[in-house]
Amino acid sequence: MQPMTRIAAATAATTALALLLSACGSGGGEQTSAKDKQTLTVWGMGEEGKHLAKLGKEFNKKHPNITVKVTPVGWDVVHQKLVSAVAAGELPDMAQMGSTMMGEFIELDALEPVDTKTFKKGDFFPAAWNGGVKDGEAYGVPWYVDTRALFYRTDLADKAGVKKAPATWEDQRDLAKAYKDKAGTKWGTYNQPANVGAWQTWLPFLYSAGGRLLDDSGKPALDSPESVEALEEYASYFDENLSRKSSPPDYDVVKDFGSGDAPMFISGPWIVNNIKDQQPQLKGKYATAPLPAGKSSTSWVGGASLVTFKDSEHKAAAEEFTEYLTGTKQQAHWYEMAKSLPANQAAWNEPELKNAPEQLDAFEKQLKTAKTVPPLAKWEELAAKIDEGVARVSQKGESPKKTAAWMQKAAEGLVG
Amino acid sequence: MATTTPSRRGVPDRAHAVRSGAGAGGAAGRGRRPGPRKDRLSVQNLPGWMFSTPFLALFLTFMAVPIVATFVMSFTDFGLRNVADPFATEFVGVENYARLFDDERFLTSLFNTFYFVVLGVPLTVGAGLFAAVLLNRGVGRLRTFFRVGFYAPVVTSIVAVAVVWRFVLDPADGLISGLASEVGLRSPDFLGSKALAMPSLIVMAVWRNLGTAMVLFLAGLQGIPAEVREAARLDGAGVWQEFRRITVPLLRPTMLYVSVMTTIGFLNVFEEPFVMTEGGPDNATMTVSLDMYEQGFKFFHMGYASAMAYVLFTVILAVTLLQLRLLKDKTR
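Same order as they appear, the protein sequences are chains A and B.
Just so we're aligned: 204 in full-length UniProt numbering is position 204 of the first sequence, and the numbers increase by one with no gaps anywhere.
Just so we're aligned: 34 in full-length UniProt numbering is position 34 of the second sequence, and the numbers increase by one with no gaps anywhere.
Chain A extracted, bound-state conformation:
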């Protein structure tokens, strides 16, 4: 148990590598033509990484000269691994990159700009495309999008005497109370109370209150009245004991959804698959709905883009593979494989999506109005501050107003 020495060692190793390899890292080297025999190295993340390997094989059948080698990387370590790889000059040719990480890697000057003759902005959901644009230059081709919507147990809602999907914040709170009081559930909902990623549940509240992360001049807007309102709304669930005040770092809401302990929560489309796998008995007993509205029903768009790294020697092949993955047919196929929603708008008219389970309709609706997270170099840090702000109100310690002011102050050093 000597984390200090371990951390010190890793720190120094990173620097040493950076110093050693920076000399030979940049430049890009010779480019290989798309027709030559070559191996294209790609990093995929989490579940998608596994599916990506299959798509690589399918691609290889059509392009026998290009072997796609996919390395799956866990979401929890991907940030660290990518940054270390930048430092060591050991990046793959291509990677799937989470939307919120784009800003940072643009800042690191690691990404090759997208050839806008091949990839057209208009083919994709605007929010997804804009998440990878900095100073008018696009750095990633949107691959899939995800947005957050409401999951709720219809069987328990019936028991509590609620027939309709909640449409407003008030409805949502009433439903949470009804779940607890009339259907006897342990909690009324699950709002992530703290820990890494709590911002993901809170951000839809901010956007639906009419708030923003940044104002028009690019300064943080976390102390706006809308932000305070969003925090108040969020905090009320904890104040009234409708949501658990803590959850372990690897908490799986699907389990408590299945048992009825947490009969309502906000999350992304992949949950539909998880419920099918882990809680098959829930079939027909739950539904999804667009987010209950504050001023509006506005969610945020996450997802991932495909990026090519500047140092790659296989840019032409990478472009072919990206084209293959983001094409309309492929995107519909991708949806079938991974239940990830296509970023390519035309793919939504393909039969695979037309026949998708009704639980996904809410997400499609939500996507039309969803807002992006601006590409920020220090997003990870800002996100951690928001997580902390959420923890402050959920733990009852601080007033939403004070917390909003604190978040604003914390964000000021990180943005702009």
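Think of the hints as simulated: they come from the structure by calculation, not from any bench.
A quick note: this is a predicted structure, and the numbers were derived from the prediction, not measured.
Check the hints yourself; a few may be wrong.
Stated by the list, open to error - Okay, derived cross-link-like pairs now, BS3-like style, lysine-lysine, Cα gap no bigger than 27 Å in a straight line:
#1 A:Lys62 to A:Lys402
#2 A:Lys177 to A:Lys283
#3 A:Lys371 to A:Lys37
#4 A:Lys401 to A:Lys177
#5 A:Lys37 to A:Lys255
#6 A:Lys283 to A:Lys365
#7 A:Lys182 to A:Lys163
#8 A:Lys368 to A:Lys163
#9 A:Lys50 to A:Lys69
#10 A:Lys35 to A:Lys54
#11 B:Lys298 to A:Lys371
#12 A:Lys117 to A:Lys219
#13 A:Lys409 to B:Lys298
#14 A:Lys409 to B:Lys328
#15 A:Lys134 to B:Lys298
#16 B:Lys298 to A:Lys81
#17 B:Lys298 to A:Lys310
#18 A:Lys219 to A:Lys368
#19 A:Lys134 to A:Lys62
#20 A:Lys50 to B:Lys298
#21 A:Lys402 to A:Lys371
#22 B:Lys298 to A:Lys219
#23 B:Lys194 to A:Lys177
#24 A:Lys50 to A:Lys283
#25 A:Lys35 to A:Lys310
#26 A:Lys402 to B:Lys328
#27 A:Lys255 to B:Lys328
#28 A:Lys371 to A:Lys354
#29 A:Lys69 to A:Lys57
#30 A:Lys163 to A:Lys121
#31 B:Lys328 to A:Lys401
#32 B:Lys194 to A:Lys186
#33 A:Lys180 to B:Lys194
#34 A:Lys81 to A:Lys163
To be verified - Covered by chain B, according to a simulated footprint, are these stretches of chain A (three or more residues, beta-carbon under 8 Å):
#35 102–112
#36 156–170
#37 271–284
We put the CB at the ideal spot given by N, CA and C, even for glycine.
Starting from the structure of chain A, add chain B where the hints point.
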């Protein structure tokens, strides 16, 4: 650069202090030898050099170089930007250190770390001693079973430990909550409450670490000659008197070692909050090591994290020296 290579043995004593310190938790205060001796690189010494080269190479690469590099880095603004362009790194003097004492989160971390140590170390040492004394004298045939039982947490993976403890502490359907509801009480939210999160982690850490203390105390206890005890008993000493007058004084060197090592380990506390709470709720369990890890590897403020490492190192050095002084004086 402070190393313990034989070639530098001739340097004056002052350097030794630095040396044993820079070993970060290595044996302190040893290696005082009279005057220079003939230990230059001669044919006679060749085998010795050959045998120690692998160790020295590893030590230099993975300990000495990082230790020095971290120190240098703590005076720079090395961050994410410099990962791509290391030559743009700028020296900022003591700015990182100055910033630390203005950083609310770091001060909280520091406070939490001390809280952890002040409560955790005496409990670990006390419980370890208690278990050792118990196992040394009684419990008959089950002795081995208990020894293994107490030691098992030490060698168990932290991930498995976390799963078990989360089950124990879970306010909804955990062990404690279940027992509490049997008698009509409601279990508090141990990890979710600002007041209880740290004490819960301390209990867990004591449970995890008392095995190490116990084994060391057992060894110490078995080193106490039976004649001494016998003599005491013949003189009419009771159990308590025997413990106070014989066991405790003769165990003092072990006590010193266990306390110092436990304190160093606890000042470095990282795993418990990392797996159980991620520093939450609201930084109530954020410790210096965890804060350092996040600054370094989540936000890539390498310079800032390095400064934290050195502040923590200084704290550990100071606390250790203080302990050595306080506990050693009493043995005389």
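Q. Quick one, are A:Lys117 and A:Lys219 close enough, alpha carbons at most 27 Å?
A. 33 Å, violated
**Q.** Distance restraint between A:Lys368 and A:Lys163, which requires alpha-carbon spacing of 27 Å or less
**A.** 26 Å, holds
**Q.** Holds or violated: A:Lys219 to A:Lys368, with C-alpha atoms at most 27 Å apart
**A.** Holds, at about 26 Å.
(Q) Does A:Lys255 sit within 27 Å of A:Lys37, going by the straight-line distance between their CA atoms? (A) 47 Å, violated
Q.
Please verify whether A:Lys371 and A:Lys354 have alpha carbons no more than 27 Å apart.
A. 24 Å, holds
Q) Taken at face value, is the distance from the CA of A:Lys54 to the CA of A:Lys35 at most 27 Å? A) Within the cut-off at roughly 22 Å; holds.
**Q.** Hint consistency between A:Lys35 and A:Lys310 [alpha-carbon to alpha-carbon, up to 27 Å]
**A.** 20 Å, holds
**Q.** Proposed proximity, A:Lys402 with A:Lys62 (alpha carbon, max 27 Å)
**A.** Distance ~59 Å between A:Lys62 and A:Lys402 Cα, so the pair is violated.
Q: Would you check the hint for B:Lys298 and A:Lys219, treating anything up to 27 Å between C-alpha atoms as holding?
A: Holds, because 23 Å separates the two Cα atoms, which is no more than 27 Å.
Q: For the pair supplied as a hint, A:Lys50 and A:Lys283, confirm whether the alpha-carbon distance does not exceed 27 Å.
A: 26 Å, holds
Q: Would you mind confirming whether the straight-line C-alpha gap from B:Lys298 to A:Lys310 stays at or under 27 Å?
A: 23 Å, holds
Q) Taking a Cβ-Cβ distance under 8 Å as contact, does the stretch 102–112 of chain A have three or more residues in contact with chain B? A) holds (count 5)
When the structure is compared with the earlier hints, violations turn up for hints 1, 3, 5, 12, 14, 19, 26, 27, 30, 31, 34, 36, 37 and for no others.
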